[in-house]
Amino acid sequence: MAYYRCVGDVPRTRHTAFRDEAGALRYEELMGEEGFSSDSSLLYHRGVPSAIVDSRVWELPDLATQANHPLKPRHLRLHDQPPGGDPVTGRRLVLGNADVRISYVVSGETSAWYRDAVGDECVYVEQGSGTVETVFGALAYRTGDFVVVPRATTHRWVPAEPSRLYAIESSSHVAPPKRYLSRYGQLLEHAPYCERDLHGPTEPLLLDGDGASDVEVLVKHRGHGPAGIVGSRLTYATHPLDVVGWDGCLYPYTFNVEDFMPITGKVHQPPPVHQVFEAGGFVVCAFCPRKVDYHPQSVPVPYYHSNVDSDEVMFYVGGDYEARKGSGIGIGSVSLHPGGHAHGPQPSAIEASIGAEYFDELAVMVDTFRPLELGELALAVEDPAYAWTWSGRGPA
1 MAYYRCVGDV PRTRHTAFRD EAGALRYEEL MGEEGFSSDS SLLYHRGVPS
51 AIVDSRVWEL PDLATQANHP LKPRHLRLHD QPPGGDPVTG RRLVLGNADV
101 RISYVVSGET SAWYRDAVGD ECVYVEQGSG TVETVFGALA YRTGDFVVVP
151 RATTHRWVPA EPSRLYAIES SSHVAPPKRY LSRYGQLLEH APYCERDLHG
201 PTEPLLLDGD GASDVEVLVK HRGHGPAGIV GSRLTYATHP LDVVGWDGCL
251 YPYTFNVEDF MPITGKVHQP PPVHQVFEAG GFVVCAFCPR KVDYHPQSVP
301 VPYYHSNVDS DEVMFYVGGD YEARKGSGIG IGSVSLHPGG HAHGPQPSAI
351 EASIGAEYFD ELAVMVDTFR PLELGELALA VEDPAYAWTW SGRGPA
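The numbers in the sequence shown follow our numbering, run straight up by one, and end at 396.
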C-alpha cells in the first residue's frame, strides 16, 4: 500500500549502524517490490534474517486443475466442504490459472509459520475472527475483512473462532485500482474508500524473546510443480518475528467490506464501479448492499453480457442476490461464468427487479483475463444442474 508508515524503533538515517541499549547491532532488511523500483519497507531485526539451518521439501496441497471443457457455467457449493486442517495447509483449491489461485478453508486451528513467495495474498474473511501475526506486527481480522499480505511476508493465522476463509493467491501484487490513485499514490475523492479504511500493524510483535530457535517456515515459491508452484520448509536459527521497528510503504493491512462505499447511478452500473483491488491478470470487486438505479424504467439487475476477455467468479456471502434467484445459488455459493458464454440474470429475476430501490446482497467477485480451470474442491462440490437453469431444461 503506497503510503508511508513507521512502527516501532528505527534509526534516524537509513542504512546506518543501529544498535540496542547494550550496543548490539540491529540487522536491516529491505523488503521491496520490482527490484528496488517500487514500494518497499525497511525492517530492523534482532537476529540475522538469512540464517537458515535446514531446507526440506513441503508437499503442497493438491494444486492440479482440470479445464472447464466442455465449456459451461458452474455452480460450486463451498459450504459443503467440512472443516479441516489449518488456515494455510487446509486450503483446498477451487479455481486457478497462471495469475491467481482461489482456495477455501474452514478452520479454527493456528497455522504454521508461512510465506507466499509467489505473489501477494488477498484473503476474504467470510466468517470468523482472530489475528494474523506477521513480521510487521499483528493484524486483527473479523468477518468481512480483506486481509492483504504482501509477497514473502512471514506470518501465521491465529483464529479466535472457526473461520471461513476465501483465499485469493496472486502471482503478482495486489493494490487499489490505479484510476482511484493520484500520481503520488493517494486515494482520490471519487474512490469508494480511503486510507482511513486500511488498517495495518500498529506496533512490533516480538516473539523471539523466549529464546526460540530452529523455527520452521513453510514457503510457497516458484518452481516446476502444478501451476509452476512448489513448497519448501525453511528452518531458521532464530525466530523470524524479531523486528523491533520498520518504516516504508509496503506492509500487510485489512480492509472491511462494510467500509466500501458503492457507486450507483441512474441506470445499471457495470462491474468496474464495484472494484476493490487490481492485480496482474485479474481484479477483485465487492457487490455490497446499496440503493439501486433511479431511472423510472431502469432494470436494476445486470443485462446479459458476454465475457469476451474474462472469466467471472462470484462468491455469494450475504443477503439475497437478486440476479440469481431461482438458480439454486445461495450463501456460500460460487458461480463461474466463463468467457465465451453470454450470462446474466435468471429470466424471472429481470421483471421482479423493476421498481426495486435497494438490493440487500453481498458478493465478492474475481474477474480473470485468462481462463480459469477447476481445482479439486470445485469438482467435489459442483451443482451439476446449474448450467441449464436459464432454459429450464437439461442437456439435449
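It cannot be assumed that every hint is accurate.
[Stated by the list, open to error] For lysine-lysine, the following BS3-like pairs were computed, each having C-alpha atoms within a straight-line distance of at most 27 Å: (1) K72 / K178; (2) K291 / K178; (3) K291 / K266.
Note that these hints are calculated values from the structure, not bench results.
Output the numbers, in ascending order, of every earlier hint that fails for this structure.
Result: hint 1 breaks, nothing else.
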